[in-house]
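Participant: Residue numbers (the numbering used here), protein chains in the order written: chain D, -2 to 393; chain A, 3 to 184.
Treat the hints with care, since some could be wrong.
[To be verified] So the derived label-pair ranges between C-beta atoms look like this:
(1) D:Ala43 / A:Ser39: 50 to 58 Å
(2) A:Asp71 / D:Gln392: 22 to 30 Å
(3) A:Ala165 / D:Arg51: 20 to 28 Å
(4) A:Thr35 / D:Asp50: 45 to 53 Å
(5) D:Glu360 / A:Gly80: 40 to 48 Å
No lab work stands behind these hints, which were simulated from the structure alone. Where is the CB? At the ideal position from N, CA and C, for every residue including glycine.
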Amino acid sequence: MTRRWGRALLPLILLAAASCVTPGGEPGALTDIAPGERPTLESDEAGLWMEVDRIENNLKTSGHIVRDPELNAYVRDIVCRLTTDYCEDLRIYIVQVPHFNAAMYPSGMMQVWTGLLLRAENEAQLAYVLGHEIGHYLRRHSIQQWRGVRGIADALVFVQIVAAAAGQGYLGYVAQLAALGSIFAFSREQEREADQIGFELMARAGYDAGEAGRIWEALIEEREAADDPERFIFFSTHPSSEERMETLDRLAGEYSGQAGLTKTNQDAFIDATRAFRTAWLRDEVRKRDHGGFQVVLDNLIEAGEGVGALHFFQGEMHRLRGDDGDESEAVAAYRRALEAGGAPAETHRSLGLLMWKAGELGEAGRAFEDYLAAAPEAEDRAMIDSYLRQIEGDQR
Amino acid sequence: MKPALLVFLLLLAACARYSLVPPGSHEIDDAYTVQTSIAWSETSAGSAELWTVDGPSLEAVRFFAALEDGDALFEFHGRDNYPRFEGRMTASEVMEFVVDSLALAGAANMAATDLRPMKFGTLEGFRFELTFLDADGLEYDGLAAGAVADERLNLILYTGTRAYYFPKYKSQVERLIASVRM
Ligand SMILES: [Zn+2]
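Here chain D stands alone, though its shape is the one from the complex (with noise of 0.2 Å):
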């Protein structure tokens, strides 16, 4: 079966897929998944993987893959130490994406993408989305989704058709697992499994069991202050329900009564993320959605590292959202960044403009000035020079 005539059945698809998105109750439950286990080449789940292995190889050669060996050395750790016997099976790919998400494939790749790694605050809750995404693995929950919604002759023609947009960027990764998520999003009781199969990985390796609330429960709030809930894609393969809460806090004190049950690696996580943070963040703001970056930044200014970017960047988001009251918002964050110091050069800049354009003419020349100080290589500074030029022209 091609692709192209894959794409060929589209609007039939379409039709199939609108009146199936509702599982006709649980589907049969499968055995778990062995390590070393690939589905015997009759089976319906080789075709199957056969398609996700082509998704795999486009996102193999893909601009968005970050390829820092100790990041991505980092991250193979944690899930090694999650699940030792699986270890070899799973390959990780770390995908430049700003929004939370982690996706575990029936084949065993593994997409982690780095709008989780900036949410998460410490080793503990990455362990958390890590070995919930493991569990899904584990119990081929995905396969027992694709089996139950429509068979696995029509999940894989709409594979075949996520898989084509792969091409269109990062919004294509977007696109293809909010389309998945659309008709292939787990059941409850499969969250309850996997979260469950999560928080027994998290605890053998030693983890602190109550971080796994916490950054569940920040996802949340991000999600209610987003300009556009609707995107918010971890949520659309991963329902989430009143009860998740409920389930996560039982777990949490069932684990919690165990001695050791102490790390949150803190330290260790900051150190592995801390270079790539500043582009993490500058992708955030490309988004514009300025309301669900607001709480990004609230929850990581609390928890206190690199606190001077931070409010640099909370700086940017008011400066680019530009609502009434946003640009005294914006300069009061620009002066909280350079007071707290490690704020970028661009933070003068920024100061800069906003001042400029406020009329003030003597703080905006002295921001320009402090930004060539600050970053006398900088890549605009014939532009700013201008700035400056015209800026003396107009005091006069």
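With chain D's structure known, arrange chain A with the ligand on it following the hints.
Facilitator: This is chain A with the ligand only, laid out in the frame that chain D set:
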């Protein structure tokens, strides 16, 4: 399910219609004219007029004319939030608008360099260079020249694969930019 999403994916694969741009003088949306000494194929791409010789994924010149407050550089189907032009933008902010739009449209590892003042026709404008990767990891170079006047943005954006196509037409594009008349 959002059918709009899949329809969008399908449309992306569909072919655009092209017409020939012969050598000579060409008016871009009543906003400015450019002179070309070679022939191009022309199509519309969102709010831009797009010229290419070998295909837009290899090399493309996008002409934007008189963008106004709230306009986007590209079409972001199904998205409510994306970078929008504002009439009071400085050159620095226009560069941010272009870079962020490209990044949101799928470019990875975006970097903009050498922002500098440059005339755009008779207007006091700006110029900067770009590098990025596409979704398949292919390396691209780009350049942009433009100006904001009367709170409207005129912009010429040229992008192409670093290995062959960007350098192939770069001098032609430089001449296009130098030929701008308002
Ligand atoms: Zn889940």
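Participant: Decide, hint by hint, whether the structure agrees.
Facilitator: Hints, verified against the model:
no.: 1; hint: D:Ala43 / A:Ser39: 50 to 58 Å; verdict: 57 Å, holds
no.: 2; hint: A:Asp71 / D:Gln392: 22 to 30 Å; verdict: 28 Å, holds
no.: 3; hint: A:Ala165 / D:Arg51: 20 to 28 Å; verdict: 25 Å, holds
no.: 4; hint: A:Thr35 / D:Asp50: 45 to 53 Å; verdict: 52 Å, holds
no.: 5; hint: D:Glu360 / A:Gly80: 40 to 48 Å; verdict: 41 Å, holds
Violated hints for the displayed structure: none, as all numbered hints are satisfied.
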